[in-house]
Each structure stands twice: as structure tokens, then as C-alpha cells.
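Undergrad: Each chain is listed here by its residues.
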Amino acid sequence: MDLSYTPEEEEFRARLRAWLAKALPDLPPKPPATDWPARRAYDLGWQGRLHDAGYADVHWDASPTVRLIFLEETERAGAPYVGANFVGLLHAGPTIAAEGTAAQRARWLPPILRGEEVWCQGFSEPGAGSDLAALRTRARRDGDDYVVSGAKIWTSHAEVADWCELLVRTDPEAPRHRGISWLAMPMDALGVTVRPLRTLAGSTEFAEVFLDEVRVPVANRVGAEHDGWRVTMVTLSFERGTAFVGEVVACLRVLGELAREARANGRWDDPALRRRLGLLHAEFRALWRLTQWNVSEAQAGGGVPGVGGSVFKLRYSHARQELYDTAADVLGAASLDLGRGWTADRLSSLSYTIAAGTSQIQRNIVAERILGLPKGR
Amino acid sequence: MRFQLTEDQRALRAGTRELLARRFGPEALRAAVEEPRLDRGLWRELGAAGFFALRLPEADGGVGLGLPEAVLVFEEAGRALLPGPLVATHLAAGQVQGADTGETVVAAVDGSLVEWLAEADTVRGDATGAEPLHSVDPLTPLHAVRPSPAAPEAPAAALLAAPEDPAAAPLTAPEDPVAALLTAAEQLGTAGRVGELAVRHARAREQFGQPIGAFQAVKHLCADMLARTEIARVAVYAAAVTGDPLDIAGARLLADEAAVRGARDCLQVHGGMGFTWECDVHLHLKRAWVRAQRGVPATVRARELADALLADSVVQGSGLR
Numbered sequence: 001m002d003l004s005y006t007p008e009e010e011e012f013r014a015r016l017r018a019w020l021a022k023a024l025p026d027l028p029p030k031p032p033a034t035d036w037p038a039r040r041a042y043d044l045g046w047q048g049r050l051h052d053a054g055y056a057d058v059h060w061d062a063s064p065t066v067r068l069i070f071l072e073e074t075e076r077a078g079a080p081y082v083g084a085n086f087v088g089l090l091h092a093g094p095t096i097a098a099e100g101t102a103a104q105r106a107r108w109l110p111p112i113l114r115g116e117e118v119w120c121q122g123f124s125e126p127g128a129g130s131d132l133a134a135l136r137t138r139a140r141r142d143g144d145d146y147v148v149s150g151a152k153i154w155t156s157h158a159e160v161a162d163w164c165e166l167l168v169r170t171d172p173e174a175p176r177h178r179g180i181s182w183l184a185m186p187m188d189a190l191g192v193t194v195r196p197l198r199t200l201a202g203s204t205e206f207a208e209v210f211l212d213e214v215r216v217p218v219a220n221r222v223g224a225e226h227d228g229w230r231v232t233m234v235t236l237s238f239e240r241g242t243a244f245v246g247e248v249v250a251c252l253r254v255l256g257e258l259a260r261e262a263r264a265n266g267r268w269d270d271p272a273l274r275r276r277l278g279l280l281h282a283e284f285r286a287l288w289r290l291t292q293w294n295v296s297e298a299q300a301g302g303g304v305p306g307v308g309g310s311v312f313k314l315r316y317s318h319a320r321q322e323l324y325d326t327a328a329d330v331l332g333a334a335s336l337d338l339g340r341g342w343t344a345d346r347l348s349s350l351s352y353t354i355a356a357g358t359s360q361i362q363r364n365i366v367a368e369r370i371l372g373l374p375k376g377r
Numbered sequence: 001m002r003f004q005l006t007e008d009q010r011a012l013r014a015g016t017r018e019l020l021a022r023r024f025g026p027e028a029l030r031a032a033v034e035e036p037r038l039d040r041g042l043w044r045e046l047g048a049a050g051f052f053a054l055r056l057p058e059a060d061g062g063v064g065l066g067l068p069e070a071v072l073v074f075e076e077a078g079r080a081l082l083p084g085p086l087v088a089t090h091l092a093a094g095q096v097q098g099a100d101t102g103e104t105v106v107a108a109v110d111g112s113l114v115e116w117l118a119e120a121d122t123v124r125g126d127a128t129g130a131e132p133l134h135s136v137d138p139l140t141p142l143h144a145v146r147p148s149p150a151a152p153e154a155p156a157a158a159l160l161a162a163p164e165d166p167a168a169a170p171l172t173a174p175e176d177p178v179a180a181l182l183t184a185a186e187q188l189g190t191a192g193r194v195g196e197l198a199v200r201h202a203r204a205r206e207q208f209g210q211p212i213g214a215f216q217a218v219k220h221l222c223a224d225m226l227a228r229t230e231i232a233r234v235a236v237y238a239a240a241v242t243g244d245p246l247d248i249a250g251a252r253l254l255a256d257e258a259a260v261r262g263a264r265d266c267l268q269v270h271g272g273m274g275f276t277w278e279c280d281v282h283l284h285l286k287r288a289w290v291r292a293q294r295g296v297p298a299t300v301r302a303r304e305l306a307d308a309l310l311a312d313s314v315v316q317g318s319g320l321r
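First to last, the protein sequences are chains A and B. Quick note: the first sequence, position 58, residue 58 per full-length UniProt numbering, numbers continuous. Quick note: the second sequence, position 256, residue 256 per full-length UniProt numbering, numbers continuous.
One chain only, chain A, in its complex shape (with noise of 0.2 Å):
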């Protein structure tokens, strides 16, 4: 067991500290949430630079340690998010990459490397969201294209996207996991309608997609026909172990934050939230330890962690929701402002036991995968 890192590797780090010091004055303001034109374009100038730095790629071609070094410098040197790019660089681009032919690969890759085209996720479905596999939304084949009509929902900057990675069922009387394809739908076809959906939080972060008759060509399928759902598990396997570096670093500091707010207000003198300041600053901790076990097993193995990536999930996703929670109890009646940064992101939290499995899917995930317990009837 050995926690340091390589000489390489520091020097890795070191380079990327450098050249984030000089990099991130030049930035342009942040531009507000609710302009999506405006974020679109922040977000691809931040990948835009990173490409021209010889970083575009880290999430693709670079050891598990190095990408963790890569995410946690981003954070704590306060660089903007994957924000747009986040479909292209660890969902859409990484499947591609595996699955898809020299020439689906060049034309798709190197556009996101560059920060040039935005993609979004057409996964879930009003009727599979837990349950994936139940997704319905159908494509016909018809000559050279597919014929595709259906509703996504929950993707996200389908407004400013310029290609989805979308699941559709090629074959509807197959077992369900095998009747599933994977298509790069350009948004701009025609029958593609975007509705914004509004979150508890006020902000329009997701869309429903509705899909009607919208023609993609057939060369757009990335794996075999039929075979999307072995080719979406390959997307899907390829954020454990690194997903959460920067928010737990972020979460950390944050913790760091509430200590000092709580002492300025006088609630530090509260036992009980000094209390749970100390327990959450435990659970953090290991939870950066988890990070740096699943990372280095995913290095040794070359694989998808095992026990780590679930587990990690399940505590983490709860522990953020107590560390806002403990925010609002450090904060009082301030809580209650929307204007403090905190009480934003008390809201943004309650999506983490939810999205990306639930916690109570995560738990069956855990006893009947690594457990071995039997699935329910």
C-alpha cells in the first residue's frame, strides 16, 4: 500500500499547476446560468484551451493517477467544470473510441478533443430510468437510415448539443438487452423537438428530448445492430474510479468553509454541529481514500473497479446531502436565501441519491452483484 506518487507524476502535476496559474487570469468571465448560447461557448473555449496544452485527452489516454492528478489541480486551482463537454469527453467520445470505426472516429473525436461540438445523452426514457432496459423509443430501418420516434428525458444541454448518443430498440421482439442499438443522432435532424425541464432548483440543467420520425443514417450506429447495450455498458463502466475526484476535493474545501463561516457566527460553539463538522470531515476523507483505492486498482487491473465504484456512490451521494444539510444548520435563517451559494447547492444535492441509480438501486446493486444475495421474485 503506498500513497505517493511517481516522479513522473509529480511532474505531471507540477506542469499542470504551472500552466494553470498562467491560464486561468486570461478567462473570460463566467457567464450566467440561464444563457446556454453563452455557457456552450465558455465551456468549448476552456476544452479549446486545454487542447492547445496538450491536455485534451487526459481523460482518455492517461493512466487513472494521472487523470485523478489532472481533476484534482483543476479543482483546487478553481478551473472551470467539463460542464458541455462532459457527454463528449466521458460518455459519447470514450464509446466511440472503443466501438466505433477508423472513420466514425475520425469524424467524431477530434472535434470534441478540440472543444468544437457539444454532445447530450438520449439514455433514459419517462418509462426506463432505473430500469434502462425498458427504454422504447423505436428505430425502423428504412434504406441507408434508421427511422427513429420516441422521448428522451433528463438530457442534459440538449439545447446547445449538436449530436446525441442515443438508445433506441432496433429489434422489439428480442429479450429486451438485446434488441437495443447505439446511434450518433445530429440534433439538428428534422422531427427533434428540445423542451427545457425545470428542476427543483429554478435552473433548466435538463430536457426532454421527443423524437418524431427523425431520420439517421445507418453509417451513425457505433457497434453491431442489436449490440447497443454491451456498447452503452462500455460508456457507462468508463466514469467509475476518477467521476468524483474534483467534487471531493471540492466537498473538503467546502467543509473547510463551513468551519470558518460557523466560528465567525458563533454556532461553532454548538457541540452538536461541531459534531457533525468532525464526522463529516472523516467521511470526506476516506471518501478521497476510496477515490485513491479504486483509482489504483482500476491502474493495476486496467479495468472497471470492483466493489469501490457502488459503494462509492452510496456514500458519497449521502454524504454531500448531509454536508449542504449541515450548511443550512451552520447558515440559520440564512439557509433560506438563495442567494448564498450554499443553499443553491443544498438543492443541486438532493438530485445525488437519484441520478445515475438510485441509492436504493445502488444497495441492490451491492447485495445481489458483490454480495450474492439472490434477486428478488
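Keep in mind the hints are simulated off the structure, nothing from the lab. Keep in mind that the hints are not guaranteed to be accurate.
Simulated pairs of lysine to aspartate or glutamate, DMTMM-like, Cα-Cα distance not exceeding 20 Å [said to hold, decoys possible]:
(1) Lys375/A x Asp224/B
(2) Lys375/A x Glu206/B
(3) Lys375/A x Glu35/B
(4) Lys286/B x Glu35/B
Following the hints, complete the assembly by docking chain B onto the known chain A.
TA: For chain B alone, kept in the frame of chain A given last:
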């Protein structure tokens, strides 16, 4: 960064598990429960295997390994419910004659308690006037001592006083951090073991025509046990690598929770059987309770961790590597 067990560490863990299964299996455990005597033969065998001399330099007749290895060995001891003043004797190796080889059994005063006082050859700390308690754990005889007027007063006062600038002068607990860590490792062993017992029972026990483990309510109890164990595991292992008192404080909190909460949930999964003397679950729970009393209270550890949040390194995001 290779935060995974090395081949040697895996081998050490497997070897320890094998030794304990052979020398302290289910029958030996039940026999010990009926007559809680320290098995001197087993103690010497542990000594010969390097259990106590593990961290002593090879030049001094030790094994020359470090805290990470000690933690793995104590985790196994915890799993097996191995009785005796293991932590006290391990810490005495190299300081008390014969402790390293298992010839001398060493007990230690910890706050107002001493474990295994009557069976020990040597006691560290002042056990004058110690009175036997009727211990809740049938496998851990306990004595109560009045805190001596001289020693613990000063650290206790230092703990209760509000620190002037906690960032500049982090609180250190009046306990040996290594003792706290080794206890955390034992608790981790318990957490892992009770999780396995719960899963085994949930797969075998049938009600309403199916294994109770097919019910989500039972599944989720088991999943949470695993999650608590694994988060405690990385905290304990990392603390063993860094030796940082804050890492140890956090690891101990998580390991105590994983062991005590896990044993409770294991008992719940076992239903009525879990409430019987015959079922081993209560032994794990009671031992976890005994260990949770060692060292400073959990509230003190949590406060130490809270105070550390005021350090500049935390808000600058450079607190952890």
C-alpha cells in the same frame, strides 16, 4: 500511487487467517466462551508467528514490518474474535521483556478500564485498587480502576479547554495513536466478519418460500454493512500508511461505527436466532462495544477532526495527499 495490498501483504493476511482458523476455530471459540482463560500455548504461537514483534526491527529480533502489516494482522484477529490483550502486548514488544515472543502477557490501563488484568504477567499503567467488573463480553474480563490523580488529569484538561488557535496547534488525543489504529483494525475485522455472517444467513434462511436475502429490506441492510466496512477499510489502511493522527482519528470513528452498527444489523438479519447465546453474533457485538470504549471518546475524536477543519490547508484544498 499503488493504494492496494502488495503480494506480500496478501500473503501475510492469508497466513494469519490460516493460523487463526487452525488454532482458534469455532470450537475453540465456544470453549473459550464457556471458560475464558488465556491460552498461553496459543499466545506463544502468536509470538512465534511474529504477531507481537511484527514492527520491531529485525536487528532486535523483530519482523521489521510496519503499521500497514500490523493493521492487516489485527484485522484478522478482530475477525476471529481472538481474545486477550493483543494491542497492549503488541505495543509492549521491545519494551517489556518477553512480550515480543509471547512469553509475557501484557495488560494496560486504558482510562478507567483494564482488559485481562488477572491473566496478565505485567500491567502498564497504575492498576492499584482495580476491581473486577462483570464484563458484558464473556471473552474480555474487565477491571475498573479509578483514574490516578497524577497522570490523566493534564491531558484531559487540555482536551476540554478550547484551543486558542487550533489551526496552529492541532489537538492531540491523550492516547497512543497506534493503539487507536490497531483497535480500529480489529473493529474493521469484526465489520467484515459480521457482514459475511449476515449474508450467509440471508442466503440460507427461507421464509415465505424464498431466502430472506431476496427481500430488498434485508438486501439493503447487507449492502449498507458492506459500504460501511469498505469505507472504514480504506480509512484504516490509509491511516496505517500515513500514520497521521487525523487519519487515525477518522479511521477509528468509521471503524467503530462499521463494527458496532454492523454487528447490530447482523443480529437483526439473524432474527430470533441472533438473540440466542448459541449464535456467535452477540460475541461480535459485545467485543465491538468493548473496543469502542478504548482510548478517548468518539465525541473527542470528532471534535479533533472538526477543529482541524480550521487549518488553512483545508480551504486551500491542499490538506490531503
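Undergrad: Evaluate each hint against the coordinates.
TA: These are the hints, each one checked on the structure:
no.: 1; hint: Lys375/A x Asp224/B; verdict: 17 Å, holds
no.: 2; hint: Lys375/A x Glu206/B; verdict: 14 Å, holds
no.: 3; hint: Lys375/A x Glu35/B; verdict: 43 Å, violated
no.: 4; hint: Lys286/B x Glu35/B; verdict: 17 Å, holds
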